[in-house]
Amino acid sequence: MIKAPFEMEKISDEEYILNMGPQHPSTHGVLRIVLKLDGETVSGLYPDVGYIHSSVEKMCENKKFDMITPYTDRLDYLSAINYNWAYVAAVEKLMGIQLPERVEYMRVMLAELNRIMSHLLWYSAFGMDVGALTPIFYAFREREEVIDIVEGMTGGRLTHHAFRIGGFKNDLQKDFLPRLEKFLKKFEDRISEYEALLINNVILASRTKGVGILDKAKAINYGVTGPTLRGSDCAIDLRKNSPYSVYPKFDFKACTGKNGDTWDRLKVRMDEMRESAKILKQAASMIPAGEFCAKVPRLIKPAPGEVYTMVESARGEFGVYLVSDGTDKPYRIKFRSPSFSNLSVLKEITIGAKIADVIAIMGSLDLVIPEIDR
Amino acid sequence: MALLKELLYNSGKPLSEFYTWMHSVWAGWGMPGFLLDFIFQLVIVAAVTLILVLNALWIIYYDRKISALMQIRKGPNRVGPLGLFQTLADTVKLLIKEDINPKKIDILSFWLAPLIIFIPTFAVFLVLPFGSGLIPADLNIGILYVLAITGLTVIGILAAGWGSNNKYSLIGGMRSAAQIVSYEIPMVIVILTVVLMAGTMKMSGIVAAQTNYKWFVIPQFVGFIIFLITGNAEVNRAPFDLPEAESELVAGFNTEYSAMKFAFFYLAEYTNLFLTAAIAATLFLGGWEGPFLPPIVWFFIKTYFVITILCWIRWTFPRIRVDQLMQFSWKYLLPISLVNLIVTAIIIKL
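Protein sequences, first through last, are from chains A and B.
The first sequence begins at 0 in numbering that gives the first Met the number 0 and counts up one residue at a time.
The second sequence begins at 0 in numbering that gives the first Met the number 0 and counts up one residue at a time.
So here's chain A without its partners, still in its complex pose:
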């Protein structure tokens, strides 16, 4: 067990050390956090990662290119489709595959549905973190519907293995678009319902406003991305700033917060669900007919070279750095996972807060542990 730096030093009689995790109800998996506390106030914090390390990157070096996609599902099991996308986009870029336009639209739609799924689960988990036990049931009512839609298309409910290199395994299900339309019709109202239930609640607002303030410069220095960065009034969204796929064709905005406190990060995620719904609406009306998969050789053997692709996942910038040596297996693959950088900023913004705030701030960073440990 790794010792935190402050565990080596002598601590004052007023303070004590509290070990939180790896088995703790609110660290969302097997994250261990060592806290130095003065009464209830946090005076030191040290995250200890690596409990669920599974050497995914090394395993990928022994698999053929088309066998790697399911591994990316398991990195961030809540935002699996976006992670698929970064990987298949890397291989496609390396091989120079031109995708049919229908594929791009299908990918955008699935990725946005996936973002909604992920944010709804975050919302429920955050509610549990702050002691509100009811919101989870309301959020899961809609999440279930989204999962059903995605399941109809991909066959999976959590780790979908949705994308293939060059496109999809099958075309959109016949009832995909009608079901999507039916869902979107009521979803906007439902988001307002969630906000009334939790985000705008008096107690929650007083607990999160002005707590865990992350200023813009610090966020950028730590490599924080995604909604966590946008909460600090920094409108960086990869879908906007380095557009990929057909995102430039859609009308949506990168939602930002003002003060960079916990509440702003919550609000950004709620607004993002609205934007995702907007994108879905546009994509469903604009989707062209055509092939659902590009012409891809049977044996995937990219030319030697290296490539970096990134997507805006539900948690931030997910990047894949891929090196090929001309064989049917990658020479090296490196994943840049957003939760890892987002976790690194936790210490900076929690010192001086209370124990309960540690949980709330951690919840607002929206961490997924397997992608931190990889």
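If you're looking for bench data, these hints aren't it; they were derived computationally from the structure.
Warning: the hint list may mix true and false statements.
[What the hints assert, rightly or not] Just some of the chain B residues that point at chain A, by a computed CB distance under 7 angstroms:
1. Gln70
2. Lys73
3. Pro75
4. Ala237
5. Trp314
6. Ile319
7. Arg320
8. Thr343
[Claimed, not checked] Cut-off 27 angstroms, straight-line C-alpha distance, at most; resulting in silico cross-link-like pairs (BS3-like, lysine-lysine):
9. Lys2(A) / Lys102(B)
10. Lys166(B) / Lys346(A)
11. Lys9(A) / Lys103(B)
[Said to hold, decoys possible] So the derived label-pair ranges between C-beta atoms look like this:
12. Lys73(B) / Asp174(A): 22 to 30 angstroms
13. Val52(B) / Lys185(A): 40 to 48 angstroms
14. Glu13(A) / Lys102(B): 26 to 34 angstroms
15. Ile224(B) / Asn258(A): 51 to 59 angstroms
16. Ile184(B) / Glu192(A): 35 to 43 angstroms
17. Leu83(B) / Lys62(A): 52 to 60 angstroms
18. Ala176(B) / Glu13(A): 52 to 60 angstroms
19. Gln326(B) / Gly155(A): 35 to 43 angstroms
20. Trp311(B) / Asp250(A): 56 to 64 angstroms
All values reported here derive from a predicted model rather than from experimental measurement.
Beta carbons are placed, not taken as given, at the ideal position from N, Cα and C, and that holds for glycine.
Position chain B relative to chain A; hints supplied.
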């Protein structure tokens, strides 16, 4: 039939008649009178305890059903008709579970804690006015007795936190001590206001002062709200469930408890809930008074009405933070209740 009606609507008279009749029979047998009194008291205690344990089981079911209603799910519906025996099944499960004693516990306080919490909770029921004449012991300092006895539970929680030898438990225990002590003060002041209006501390006297539907909830609406808030804090339920704050402190003071010792905490929590609601009904909602139905039925209706409000609060609010908890009590509740007391005193004097 007439006797049953008399027993339900005006329990005091037939019961005291029965008591004197038994005494005469007893004296006819040549036995000393105090022995009969002792037997009577034992029977009363046994009856009250039985009713309360059954009631606590039912409240747990009720709370779960309310939470299910709020969370768009069905709640317990498998064991027995409508899931009514669910709590019974849970209790049996807890009874036959292994009773785990961690290695480094302080064995005395670890074992005593569940009892210290459990016993005072039940002792309080001796002064609850279930109906006219249906008070196990109508003390002339009834409400003071309630406050004194419920104040003991904090010792139990503190003992549990200390005895478990676990940092999470200790934090939970300390939080609970701070919380209960600071919420007791506004509560006492609100009760004092009611006592001022009723002119007595006797539970039956307080109910009698509200006859003809002059319930104290109307002149003392602020007091009623403060009482609900502080009562909710006293029983450690959300949004004031900091001592067991599941997401931060794992389970707070009862982290290390298992099996029947855990069940004691659980049962005590729900009995406390019933108690708070019953006292609220007595002090503010006119106790057993009501049309058509027997007094005891009205007492339970009012109590369950308050319980429903408390459950509603519990299942909709997130948890408050520890420093805000203190601020809320000392900066808002205490001044408001003091002003309320002074204004009431002036109005009564006028």
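>> Flag every earlier hint the structure violates by its number, smallest first.
In response: 2, 3, 8, 15, 18, 19, 20
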